[in-house]
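Counting from 1, one number per residue, gives the positions in the sequence shown under our numbering.
Check the hints yourself; a few may be wrong.
What the hints assert, rightly or not - List of simulated lysine-lysine pairs, DSBU-like, C-alpha gap at most 30 Å: (1) K2 to K184; (2) K188 to K2; (3) K115 to K188; (4) K133 to K2; (5) K64 to K184; (6) K184 to K115; (7) K64 to K102; (8) K115 to K102; (9) K64 to K188; (10) K64 to K139; (11) K184 to K102; (12) K115 to K2; (13) K102 to K133; (14) K2 to K64; (15) K139 to K115; (16) K133 to K115.
Quick caveat, the hints were computed from the structure, so don't treat them as lab data.
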Amino acid sequence: MKRILFICTGNTCRSPMAEAMLRRMAALRGVTIAVRSAGISTIDGLPVSSHAAEALRQREIEHKSTSLALTSEAVSWADLILTMTSNHKRGLLQWYPEAVDKAYTLKEYSNMDAKVLADIEELEQLYSELHMKQALGQKLSASERSRLLELEQRIPSFDIVDPFGGSQSIYDSSAHEIEAALVKLLDKLTRR
1 MKRILFICTG NTCRSPMAEA MLRRMAALRG VTIAVRSAGI STIDGLPVSS
51 HAAEALRQRE IEHKSTSLAL TSEAVSWADL ILTMTSNHKR GLLQWYPEAV
101 DKAYTLKEYS NMDAKVLADI EELEQLYSEL HMKQALGQKL SASERSRLLE
151 LEQRIPSFDI VDPFGGSQSI YDSSAHEIEA ALVKLLDKLT RR
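Required output: the full structure, derived from the provided sequences and hints.
Spelled out as C-alpha cells, the structure:
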C-alpha cells in the first residue's frame, strides 16, 4: 500500500483538500492507499478553512481533521511526499534532506514529462554550481547564467496557488487544479 503525504503551509486549505479528495477518488477506483497531510508552518488543531470545506462539500466529500505540523515521523511514514509549491518542497528538503528521493510538488509528480525532467535536472545542477561558486566568491559564466535563465523560463510552474484569505471562487479554482492533478496521480499509480 502506497503512503502519500501532502504538504502545504498551514494545512488548512490545499493539503487537506488534496488529502480528502485523493482518499475519496482512490476509494471510488478501488485503489488502496494511505493518505495524510501536514503543514510546514502551522500548529496542530486548526480547523480546515470554511471555503476549503465548502469546495469539498461541493464534491460530496467531508473532511473533519484539523491541522498537523510536519514531523519527522510523518516524513518517515510516507512513501511519497507531494507539496503544493516548489517553496514547500525546498522547505521540506531543508529540514528533512533524507526525503529528497520521495519529494515532489503534486503537479510535478503528476505531470512528469521526460523533457521537463531533463530541464529540471539541468537547472538543479546549475543552481548547485551557482551556490558552490557563491560560497567560493565566484560567479557563473555568462553562458551558464543565460542557460539558467532560459531553463527557468521554459520549465512550467508546478505550484498550486494559495487560496488563503481569498473568495470561495478562488478556493474552488484551487480545488479544481488539485483535483485535475489527482486524476493524473491516480492514473500514474494504477499503471504501475
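Next on the checklist: Under the constraints set out in the numbered hints, which ones does this structure not fulfil?
Outcome noted: Those not satisfied are hints 4, 10.
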